[in-house]
Amino acid sequence: MSKKTITPQGIKSVGPYSPAVNVGNMLFLSGQIGLIEGKIPKEFKDEATNAIQNALILVENAGFDKKNIVKVEIYLKDIRNYPLLNEIYSKFIPSPFPARVVVEVSNLPKNANIEISMIAVK
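For the sequence shown, the residue numbers in the numbering used here are 1122 to 1243.
Be aware that a few hints might be false.
[To be verified] Keeping only pairs whose Cα atoms sit at most 25 Å apart, straight-line, the calculated DSS-like set for lysine-lysine is:
id	residue 1	residue 2
1	Lys-1192	Lys-1125
2	Lys-1187	Lys-1212
3	Lys-1198	Lys-1231
4	Lys-1160	Lys-1198
5	Lys-1212	Lys-1160
6	Lys-1243	Lys-1187
7	Lys-1212	Lys-1166
8	Lys-1192	Lys-1124
9	Lys-1192	Lys-1212
10	Lys-1125	Lys-1243
11	Lys-1243	Lys-1124
12	Lys-1212	Lys-1243
13	Lys-1163	Lys-1243
14	Lys-1125	Lys-1188
15	Lys-1198	Lys-1163
16	Lys-1163	Lys-1124
17	Lys-1188	Lys-1212
18	Lys-1163	Lys-1212
19	Lys-1124	Lys-1166
[What the hints assert, rightly or not] Pair by pair, the computed Cβ-Cβ distance ranges are:
id	residue 1	residue 2	range
20	Val-1242	Ser-1211	30 to 38 Å
21	Val-1222	Val-1135	34 to 42 Å
22	Gly-1159	Lys-1188	16 to 24 Å
23	Asn-1228	Asn-1146	31 to 39 Å
24	Arg-1201	Thr-1126	33 to 41 Å
25	Lys-1187	Val-1224	16 to 24 Å
The hints are simulated quantities; they were obtained by calculation from the structure and are not laboratory data. Only a predicted model underlies this, so the values are computations on that prediction, with no experimental measurement involved. We put the beta carbon where it would ideally sit given N, CA and C, even for glycine.
Work out the full structure, taking the sequences as your base and the hints as a guide.
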């Protein structure tokens, strides 16, 4: 099976990895943070919104739809943002919702407050 990397214009990796990899009918997204014009927004709401939008851009650029998302992993520096995350997340990810895990971590790339990765299947 062939492996195709997905690197849309405007999304740059902050390390030696592909933003997304398509293998057959499956799409694997690397963690996406909420950078806006190369900077982390001051408000968690803006950062979370952009992290989710960055991930969805990759999904769509790979020819998948957000309804194809089956697994989501979210890393938060502060688990107290969990209720706000749920509010924002439910505006972008349709029901029936994919399987999901949310964990609190001590640090993230670029000192981000949220990182999100996804798996999609057609």
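Checked hints:
no., hint, in the structure
1, Lys-1192 with Lys-1125, "holds, 20 Å"
2, Lys-1187 with Lys-1212, "holds, 12 Å"
3, Lys-1198 with Lys-1231, "holds, 12 Å"
4, Lys-1160 with Lys-1198, "holds, 17 Å"
5, Lys-1212 with Lys-1160, "holds, 23 Å"
6, Lys-1243 with Lys-1187, "holds, 10 Å"
7, Lys-1212 with Lys-1166, "holds, 12 Å"
8, Lys-1192 with Lys-1124, "holds, 20 Å"
9, Lys-1192 with Lys-1212, "holds, 17 Å"
10, Lys-1125 with Lys-1243, "holds, 15 Å"
11, Lys-1243 with Lys-1124, "holds, 15 Å"
12, Lys-1212 with Lys-1243, "holds, 22 Å"
13, Lys-1163 with Lys-1243, "violated, 36 Å"
14, Lys-1125 with Lys-1188, "holds, 21 Å"
15, Lys-1198 with Lys-1163, "holds, 14 Å"
16, Lys-1163 with Lys-1124, "violated, 37 Å"
17, Lys-1188 with Lys-1212, "holds, 13 Å"
18, Lys-1163 with Lys-1212, "holds, 21 Å"
19, Lys-1124 with Lys-1166, "violated, 34 Å"
20, Val-1242 with Ser-1211: 30 to 38 Å, "violated, 21 Å"
21, Val-1222 with Val-1135: 34 to 42 Å, "violated, 22 Å"
22, Gly-1159 with Lys-1188: 16 to 24 Å, "violated, 31 Å"
23, Asn-1228 with Asn-1146: 31 to 39 Å, "holds, 34 Å"
24, Arg-1201 with Thr-1126: 33 to 41 Å, "holds, 36 Å"
25, Lys-1187 with Val-1224: 16 to 24 Å, "holds, 22 Å"
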